[in-house]
Amino acid sequence: MNWKNMAAIMAAIYGIMAMLPFFLGKTNFVMHILIMCLIWAVVASCWDLIMGFAGIFSFGQVAFFVIGAYASAIVSNTYHVSPAGAILLAGGFTAAVGILVGLPCLRLKGAYVALVTFAVHMTLEPLLKGDFGRAIGTGGSRGIMAIAPLKLFGVTFSSADPVPFFYLTLIFFIICTLIILFVIKSYWGTAFVALKDSENLAASLGISAFKYKLTVFALTSFITGLAGGFYCHYVGMLSHRLLGVDLFVTLMVMLAIGGIGHYPGAIIGAFITVTLNELLAPLGTYRPLIIGILIILLVLLFPDGIIGLVQKVFTSKADKATKPVY
Amino acid sequence: MLKLKNVTKKFGELIAVNNLSFQVEKGRIFGIAGPNGAGKSTVYNLITGMYSCLGRIEFEGHDITGAPPHKIARLGISRTFQIPHIFPSMSVEQSIGVGNRFGAGGRYEPGYVNNIISILNLETVRHQGAGELNLLGKKKLMMGAALATRPKILLLDEPMAGSNTTEIMALMELIRKINKDMGISIIIIEHFMKVLTELTDTLLIIEAGTEICCGDPEKVTSNPIVIETYLGEAYAQSNQS
Ligand SMILES: Nc1ncnc2c1ncn2[C@@H]1O[C@H](COP(=O)(O)OP(=O)(O)OP(=O)(O)O)[C@@H](O)[C@H]1O
Ligand SMILES: [Mg+2]
Chain A
1 MNWKNMAAIM
11 AAIYGIMAML
21 PFFLGKTNFV
31 MHILIMCLIW
41 AVVASCWDLI
51 MGFAGIFSFG
61 QVAFFVIGAY
71 ASAIVSNTYH
81 VSPAGAILLA
91 GGFTAAVGIL
101 VGLPCLRLKG
111 AYVALVTFAV
121 HMTLEPLLKG
131 DFGRAIGTGG
141 SRGIMAIAPL
151 KLFGVTFSSA
161 DPVPFFYLTL
171 IFFIICTLII
181 LFVIKSYWGT
191 AFVALKDSEN
201 LAASLGISAF
211 KYKLTVFALT
221 SFITGLAGGF
231 YCHYVGMLSH
241 RLLGVDLFVT
251 LMVMLAIGGI
261 GHYPGAIIGA
271 FITVTLNELL
281 APLGTYRPLI
291 IGILIILLVL
301 LFPDGIIGLV
311 QKVFTSKADK
321 ATKPVY
Chain B
1 MLKLKNVTKK
11 FGELIAVNNL
21 SFQVEKGRIF
31 GIAGPNGAGK
41 STVYNLITGM
51 YSCLGRIEFE
61 GHDITGAPPH
71 KIARLGISRT
81 FQIPHIFPSM
91 SVEQSIGVGN
101 RFGAGGRYEP
111 GYVNNIISIL
121 NLETVRHQGA
131 GELNLLGKKK
141 LMMGAALATR
151 PKILLLDEPM
161 AGSNTTEIMA
171 LMELIRKINK
181 DMGISIIIIE
191 HFMKVLTELT
201 DTLLIIEAGT
211 EICCGDPEKV
221 TSNPIVIETY
231 LGEAYAQSNQ
241 S
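First to last, the sequence lines map onto chains A and B. As numbered in the numbering used here, residues 1 to 326 make up the first sequence, in order. As numbered in the numbering used here, residues 1 to 241 make up the second sequence, in order.
In case anyone wonders, no lab produced these hints; they're calculated from the structure. A quick note: this is a predicted structure, and the numbers were derived from the prediction, not measured. Backbone N, C-alpha and C fix where the C-beta goes; we use that ideal spot for every residue, glycine too. Some hints here could point you the wrong way.
To be verified - Here are the computed lysine-lysine pairs in the BS3-like style, where the Cα-Cα straight-line distance is at most 30 Å:
1) Lys219/B <-> Lys152/B
2) Lys211/A <-> Lys180/B
3) Lys109/A <-> Lys71/B
4) Lys71/B <-> Lys152/B
5) Lys10/B <-> Lys211/A
6) Lys180/B <-> Lys194/B
7) Lys196/A <-> Lys138/B
8) Lys185/A <-> Lys10/B
Stated by the list, open to error - With the Cβ distance kept under 8 Å, some of the chain A side facing chain B (calculated, not the full set):
9) Ser186
10) Gly189
11) Thr190
12) Ala191
13) Asn200
14) Ser204
15) Leu205
16) Gly206
17) Ile207
18) Ser208
19) Val249
20) Ile291
If we strip away everything but chain A, and leave its shape as in the complex, we get (with noise of 0.2 Å):
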């Protein structure tokens, strides 16, 4: 997709999202989904961005998110540092373990990155719960209750009062996803494309797959480890359970919906995903049923999503006007 549709649809997103509280704003439960839809965006578009641009098949994002969530509840738990400045420091350390990470997947193609990447999920569980978790204040298999609400400039943004902090997440989105456009639309996400389709090509005209993909590792990893401080600190308690599948299969779903490499596709399917989920609540058991029939209906119908939805319609159109009738 070109820059201005990019452009013209993530305004869209923006202002509508900026105008939601002056409608919903007195419903909680409702600012709480949309807050949700936010964090859920910057992961997933984080998750396109190394998948979809650069073709790396990482499966450690909700590890990477986690790792960002436990690192800043326990630096400002444990260490009393200020939650703003305890979310920065869980988007570097999460950044650090991104690139640590990434170096062993840089030898390894496709499936196998999955497989490593996956393995740091899996590892995770364990090490959160275990002696080690408790050793370094994780709470163990309890998690870690009572972290301190995000404090700005004097300004204390509870989940009491989530209006607020709805605008305060609605900016960081809109930091982190114009950040993820220009990475796509620079000559960054150029060589990103271009080690995906071809390693051996994209070499020989001069591009370091060394340096791309580790920066492409780090730089989602750092946004995913500020997401999860910002989420842990909204939320107020953190536990394990996020390294279920359910919460790694909603990511997918994301993608799935949005379509992956067609950005911000990820973000509308965050936000469609996110919804759907809160409003298939009340039928308990059979909402991972329902899902899953729809990942299946989904892919099979519609591989590149909404956005290659959308793109189809359009530009068979405008193919049928250019091609010549014989």
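Using the hints, position chain B with the ligands against chain A.
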């Protein structure tokens, strides 16, 4: 400008390149030929840093042995691949732009990219997806992207394979142009002997990774050992008559 000294490459038991030494002078066209599996493409992979090797490779006096491929590309060594490598998600113009942005020039110059597109006659397909091109188109695109890096030396791996006589003539003209007008030294791997004798200043014949003969193309192609191991009697006779 490019020098290989006692270069050896083993793949397990197989010695793909065996103690090979040669030198390419600036501004020249250097040919490499030999039977299938002789190690020709492997030589390119060694020069461009795709594989590690024993021995020493020098470019303009610098030791480039063991340097990673992207660094070698930025020093001004560019190549094409025997099997077309392209960027399927990019258009022709974008693919050439990648070479321009990341290669030895290091920045994107639309004028230069346009120039390359017109030299290669790719104007009509410039906005087409790279994957939609035919074999010749893909090979030309690879050459274009390689040229866009502003190389000092260009390594071509069987650029004529799969082309008809008219296309071969056009490609020869193109290669001369790249050499003379753009001042780029060239190494070319090719099976068509006539192309090599007409085009190159020096010809190297290898077999089983070992040098058989190297020197003036006319002399090399009349060398009895070359005829025996590579060209065959039929070639020698057809040339005499
Ligand atoms: N990556 C590799 N791993 C193992 N063996 C290899 C590898 N690359 C090449 N070889 C082997 O090295 C030998 C030389 O191969 P190379 O591709 O250089 O031959 P060539 O002269 O280019 O042949 P052709 O004319 O068919 O292109 C062959 O026996 C090939 O099987
Ligand atoms: Mg070959």
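Compare the distance between the alpha carbons of Lys219/B and Lys152/B with 30 Å, and conclude whether the hinted pair is satisfied. Roughly 28 Å between the alpha carbons, so the hint for Lys219/B and Lys152/B holds.
So, Val249/A near chain B? Judge it on the closest CB pair being under 8 Å. violated, 27 Å
For Lys10/B and Lys211/A, compute the direct alpha-carbon distance and say whether it is at most 30 Å. Since the Cα atoms of Lys10/B and Lys211/A sit roughly 29 Å apart, the hinted pair holds (cutoff 30 Å).
Quickly compare the C-alpha distance for Lys211/A and Lys180/B to 30 Å and report which way the hint goes. Given that 30 Å is the threshold and the Cα spacing comes to 36 Å, the pair is violated.
Lys180/B paired with Lys194/B [C-alpha distance capped at 30 Å]: holds, 20 Å
Quick one, are Lys109/A and Lys71/B close enough, alpha carbons at most 30 Å? Cα-Cα ~22 Å, so holds.
Interface hint check: Ser204/A, Cβ to nearest Cβ on chain B, cutoff 8 Å. Holds or violated? This hint holds: Ser204/A lies near chain B, its Cβ roughly 5 Å from the closest one there, short of 8 Å.
Using Cβ atoms only, decide whether Leu205/A comes closer than 8 Å to chain B, and label the hint accordingly. holds, 4 Å
30 Å limit on alpha-carbon distance, applied to hinted pair Lys185/A and Lys10/B: violated, 42 Å
Does Ser186/A meet its interface restraint, that is, does its C-beta lie within less than 8 Å of any C-beta in chain B? Nearest chain B Cβ about 11 Å off; hint violated.
Classify the hint on Gly206/A as holds or violated, based on whether any CB of chain B lies nearer than 8 Å to its CB. holds, 4 Å
Less than 8 Å between beta-carbons is the criterion; does Ala191/A satisfy it with respect to chain B? With a closest approach of 7 Å, the Ala191/A hint holds.
When each numbered hint is compared with the structure, violations occur for hints 2, 8, 9, 10, 19, 20.
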